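Asks: Chain A is already provided as a structure; the job is to place chains B and C on it using the hints.
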Amino acid sequence: MAGYKVRELAALVGGVVEGDGGRVITGVNGLAEAGPADVTFVANPRYAGAVKDTRAGAVIAGDDIAAEGKTFIRVAQPYLAFAQILTRFAPAPAVPREISDLAFIHATATLGKDVGVGPFAVIEEGAVIGDRASIGAGVYVGPGAAVGPDSLIYPHVALRERVRVGARCIIHLGTVVGSDGFGFATANDVHHKIPQVGTVVVEDDVEIGANCAIDRGTMGETRIGRGSKLDNLIQIAHNVHIGEGTLIAAQTGIAGSTRVGKYCVFAGQVGVVPHVTIGDRAILAAQAGVAKSVPPGETYFGCPARPIREAKRNEARISLLAKLYERVKELERKVEQREGGAGAPPGRE
Amino acid sequence: MAGYKVRELAALVGGVVEGDGGRVITGVNGLAEAGPADVTFVANPRYAGAVKDTRAGAVIAGDDIAAEGKTFIRVAQPYLAFAQILTRFAPAPAVPREISDLAFIHATATLGKDVGVGPFAVIEEGAVIGDRASIGAGVYVGPGAAVGPDSLIYPHVALRERVRVGARCIIHLGTVVGSDGFGFATANDVHHKIPQVGTVVVEDDVEIGANCAIDRGTMGETRIGRGSKLDNLIQIAHNVHIGEGTLIAAQTGIAGSTRVGKYCVFAGQVGVVPHVTIGDRAILAAQAGVAKSVPPGETYFGCPARPIREAKRNEARISLLAKLYERVKELERKVEQREGGAGAPPGRE
Amino acid sequence: MAGYKVRELAALVGGVVEGDGGRVITGVNGLAEAGPADVTFVANPRYAGAVKDTRAGAVIAGDDIAAEGKTFIRVAQPYLAFAQILTRFAPAPAVPREISDLAFIHATATLGKDVGVGPFAVIEEGAVIGDRASIGAGVYVGPGAAVGPDSLIYPHVALRERVRVGARCIIHLGTVVGSDGFGFATANDVHHKIPQVGTVVVEDDVEIGANCAIDRGTMGETRIGRGSKLDNLIQIAHNVHIGEGTLIAAQTGIAGSTRVGKYCVFAGQVGVVPHVTIGDRAILAAQAGVAKSVPPGETYFGCPARPIREAKRNEARISLLAKLYERVKELERKVEQREGGAGAPPGRE
Numbered sequence: 001m002a003g004y005k006v007r008e009l010a011a012l013v014g015g016v017v018e019g020d021g022g023r024v025i026t027g028v029n030g031l032a033e034a035g036p037a038d039v040t041f042v043a044n045p046r047y048a049g050a051v052k053d054t055r056a057g058a059v060i061a062g063d064d065i066a067a068e069g070k071t072f073i074r075v076a077q078p079y080l081a082f083a084q085i086l087t088r089f090a091p092a093p094a095v096p097r098e099i100s101d102l103a104f105i106h107a108t109a110t111l112g113k114d115v116g117v118g119p120f121a122v123i124e125e126g127a128v129i130g131d132r133a134s135i136g137a138g139v140y141v142g143p144g145a146a147v148g149p150d151s152l153i154y155p156h157v158a159l160r161e162r163v164r165v166g167a168r169c170i171i172h173l174g175t176v177v178g179s180d181g182f183g184f185a186t187a188n189d190v191h192h193k194i195p196q197v198g199t200v201v202v203e204d205d206v207e208i209g210a211n212c213a214i215d216r217g218t219m220g221e222t223r224i225g226r227g228s229k230l231d232n233l234i235q236i237a238h239n240v241h242i243g244e245g246t247l248i249a250a251q252t253g254i255a256g257s258t259r260v261g262k263y264c265v266f267a268g269q270v271g272v273v274p275h276v277t278i279g280d281r282a283i284l285a286a287q288a289g290v291a292k293s294v295p296p297g298e299t300y301f302g303c304p305a306r307p308i309r310e311a312k313r314n315e316a317r318i319s320l321l322a323k324l325y326e327r328v329k330e331l332e333r334k335v336e337q338r339e340g341g342a343g344a345p346p347g348r349e
Numbered sequence: 001m002a003g004y005k006v007r008e009l010a011a012l013v014g015g016v017v018e019g020d021g022g023r024v025i026t027g028v029n030g031l032a033e034a035g036p037a038d039v040t041f042v043a044n045p046r047y048a049g050a051v052k053d054t055r056a057g058a059v060i061a062g063d064d065i066a067a068e069g070k071t072f073i074r075v076a077q078p079y080l081a082f083a084q085i086l087t088r089f090a091p092a093p094a095v096p097r098e099i100s101d102l103a104f105i106h107a108t109a110t111l112g113k114d115v116g117v118g119p120f121a122v123i124e125e126g127a128v129i130g131d132r133a134s135i136g137a138g139v140y141v142g143p144g145a146a147v148g149p150d151s152l153i154y155p156h157v158a159l160r161e162r163v164r165v166g167a168r169c170i171i172h173l174g175t176v177v178g179s180d181g182f183g184f185a186t187a188n189d190v191h192h193k194i195p196q197v198g199t200v201v202v203e204d205d206v207e208i209g210a211n212c213a214i215d216r217g218t219m220g221e222t223r224i225g226r227g228s229k230l231d232n233l234i235q236i237a238h239n240v241h242i243g244e245g246t247l248i249a250a251q252t253g254i255a256g257s258t259r260v261g262k263y264c265v266f267a268g269q270v271g272v273v274p275h276v277t278i279g280d281r282a283i284l285a286a287q288a289g290v291a292k293s294v295p296p297g298e299t300y301f302g303c304p305a306r307p308i309r310e311a312k313r314n315e316a317r318i319s320l321l322a323k324l325y326e327r328v329k330e331l332e333r334k335v336e337q338r339e340g341g342a343g344a345p346p347g348r349e
Numbered sequence: 001m002a003g004y005k006v007r008e009l010a011a012l013v014g015g016v017v018e019g020d021g022g023r024v025i026t027g028v029n030g031l032a033e034a035g036p037a038d039v040t041f042v043a044n045p046r047y048a049g050a051v052k053d054t055r056a057g058a059v060i061a062g063d064d065i066a067a068e069g070k071t072f073i074r075v076a077q078p079y080l081a082f083a084q085i086l087t088r089f090a091p092a093p094a095v096p097r098e099i100s101d102l103a104f105i106h107a108t109a110t111l112g113k114d115v116g117v118g119p120f121a122v123i124e125e126g127a128v129i130g131d132r133a134s135i136g137a138g139v140y141v142g143p144g145a146a147v148g149p150d151s152l153i154y155p156h157v158a159l160r161e162r163v164r165v166g167a168r169c170i171i172h173l174g175t176v177v178g179s180d181g182f183g184f185a186t187a188n189d190v191h192h193k194i195p196q197v198g199t200v201v202v203e204d205d206v207e208i209g210a211n212c213a214i215d216r217g218t219m220g221e222t223r224i225g226r227g228s229k230l231d232n233l234i235q236i237a238h239n240v241h242i243g244e245g246t247l248i249a250a251q252t253g254i255a256g257s258t259r260v261g262k263y264c265v266f267a268g269q270v271g272v273v274p275h276v277t278i279g280d281r282a283i284l285a286a287q288a289g290v291a292k293s294v295p296p297g298e299t300y301f302g303c304p305a306r307p308i309r310e311a312k313r314n315e316a317r318i319s320l321l322a323k324l325y326e327r328v329k330e331l332e333r334k335v336e337q338r339e340g341g342a343g344a345p346p347g348r349e
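Chains as they are written, first to last, in the working numbering: chain A, 1 to 349; chain B, 1 to 349; chain C, 1 to 349.
Just chain A, with the same shape it has in the complex (with noise of 0.2 Å):
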């Protein structure tokens, strides 16, 4: 690992240095692991009180932390500058830069300049593969399908006849695009194949993690947006359409033809009820079930999911039905003692 002193990466991230900017920096840790030779960061107020115990050679940190004989590097986004910074420490990513003697690649496959490809990988007729992008060991292209430039397709990824992946996208290992959408029309209790002839386009700089499946559409498409970030484990149903910008966490599930808006932000194991629309900007909690549209901006949670405040609410009022329940008690024996009382005539009781 290459070392840079303290100043250099202040100035690679627009930071300035408060304290020894000629100490030398040779990786990045966390808090309580950096050494004298790491540099470290805190990007949440909540951990500010462990940096006066850090050993680190240099913390990353807005003006809102302060520690004794610490060298800082000051930002005003120390999350942001830390990524940077841990980019230009980090290890190259373990994935093909050659063309692999083992892998099948269809005389009428097109493959970019400079790039990788996998032993055992399959690249199938006519797939299309962009300039330096890397297919993993046992990656699977189908007919017609394409990958963009500086892409990275990790081994076992498959992806299916005609699908289309942008530009620096990165795509997991073991993730399916373009599987089948689940769509049957039933006659008799018969259920009848509905052919699914569409396919997926994933934009630009999408991610999407480990063993995901992303159906092609039933006609039309399925679409990831420009910039949007999926998780591990991730189901997107047929002709789902998801804007750029947005982050969905693992185990979620979107079912089909879903409108999903920009820059949304999904937790865990959130599930969307078919032909809905997901507003821009809005935030489902985790384990929501989202089961009518969503307006833009709102925050959801619980199942059927709610705008968080009201479903906090009816959370606290559920808490205290065991007082409710004690009042509406105490309010019977008064009653019933009255009752006693007015159904007797006057000082007979």
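I should point out that these hints are in silico values taken from the structure, not numbers from a laboratory.
Quantities reported herein were computed from a predicted structural model and do not represent experimental measurements.
Please note that a few of the clues may not be correct.
A pair holds if it fits inside one copy or across any two, identical chains being indistinguishable in the list.
What the hints assert, rightly or not - Straight line, CA to CA, 16 Å or less: simulated EDC-like cross-link-like pairs of lysine to aspartate or glutamate: (1) K70 with E18; (2) K5 with D20; (3) K262 with D189; (4) K193 with D150; (5) K193 with D204; (6) K323 with E310; (7) K262 with E203; (8) K52 with E161; (9) K262 with E298.
Replies: For chains B and C alone, coordinates are given in the frame of chain A:
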């Protein structure tokens, strides 16, 4: 793509032409996307209003849909007719129809007539592949496993030893059939593995989505009934039996030894505990958490899952809790007032 | 299959024969399915009644199970004894025991004694495979990754660079270990990737099910503790640490940096938020949505997850809401009546 006259398509599906039966159709598309050479369909009256705006050359519909100047193919089951016509226009699935030199096929494996096997597929000792079946690139067919005639096994599927897949089945990419069930005998904090010596039987005409996991029986078998259709990322545990014609949406999990009836419908992300019974034609709503057996024909909802009417009523009661709290507060105020009044001598308030 | 006398099996598990110790047993089967040459078992008193109808040649059971004319092997832990006997009868796992000519093994990889490697497996630069380990067909072992002795890595598993798997581990088909954690630094609506430079450590005697995704640490490591057992389709995020002997059922997801204790039990489809702690021997019920740390030994239920008694009481209170509404209505009627009465002069109602 071949062209058909509207009246030819109508004849194919037993429909009646209303309008221009001679118009030539060369494709199929959605109501909004279809052009003058496309046929489209309306199955849901909700979309009836959009028919007047379609540019489609012909519309498959029931008698309840009308629009001036449009050509209709009138049928009793528009969605089914659409499926049949789409099948006519759909390209053949992009699957191997020949045996790749790059596949590994054990000397003792038996391949039927016109079998296709993709590159880097592995067909182990004693495995049997039926006539016209297609085994995708990188598929693993374990020792003694069998695939029935006309089945399509997409790339990267794994069928472990002795698993049996019937005729005309479709298994999508990355799915695992026959993995070990999750069984341990715990003694003194050590979890001893229960060997999983059973198998999986996938009956005829079953379709299984991408990246599912179907465990083998501990002893005996796990069974997926004829004509059942499973979506993506589904977990079927050891010794589960699923009846005929059941539909299971994505990310559902069914725990060990549970019995699922015929023609059930599971929406997405449903969970079912072990050792219960789901009756024939039961419907489980999305994200239902089923902790007890479900009677035939019932619809269950929620976690823990309840009959849907009961669950919906509970939902409604929770939504009205704010008002209930107010009503109780008002009662307390009134009773308190009177209490004060009752405690005082008459006429002294 | 070899045959054993009942008394030989009893000796194997430290049990006592009651009945015909000389009977020859050649297999193991369920209570209902077992024939005269099979041994079966009853661990759950719920099934005690079914023992009188079994055709099994011998029944492994505790002292609390009785049935006239049956042969018993009496043991303290019937399920454990059953596991031990089943292991004796189970066929050896169908895994490679030799090195296939069709595998790709990098010149710098180190293979121990008696290693098996299936066709189309890839073992990259500097990877190390321990003695007697078996690497299935199409498995990917990345640069510098290590698999310990006696481990079974089933087909299509992927272990990315530098991942370490211990001794006697079992990893089922399609599982990914070492995929990138889901980490981005967002600035001006652009999600900048945080390089994921850490690794995964899978300790000894761990079993991981099919199609799971275990992400590598962002920095540092993700760790699965010794003897823990994970079911299928599980998501383990970056930097999660799981203690010894924890059991996790299918489709559970654990978010980044969460600490899970020893000997916990997660039922299916559980979700846990990032940066919390699950105490030793905690139990999380199916579909629990855990949003806060869980103390050791507690059982949590529901979403958001609560101590189970509290959650169950809330459930009960919700079920009784219909009656509560009636009680409040009745109170209102009574108070209203009295209100009317109270307002009027005495004796005038």
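Asks: For every hint, state whether the structure bears it out.
Replies: How the hints compare with the structure:
no. : hint           : verdict
1   : K70 with E18   : within (8 Å within a copy, 75 Å between copies)
2   : K5 with D20    : within (9 Å within a copy, 78 Å between copies)
3   : K262 with D189 : between (40 Å within a copy, 10 Å between copies)
4   : K193 with D150 : between (37 Å within a copy, 15 Å between copies)
5   : K193 with D204 : between (32 Å within a copy, 14 Å between copies)
6   : K323 with E310 : between (20 Å within a copy, 13 Å between copies)
7   : K262 with E203 : within (13 Å within a copy, 41 Å between copies)
8   : K52 with E161  : neither (56 Å within a copy, 34 Å between copies)
9   : K262 with E298 : within (13 Å within a copy, 39 Å between copies)
When each numbered hint is compared with the structure, a violation occurs for hint 8 only.
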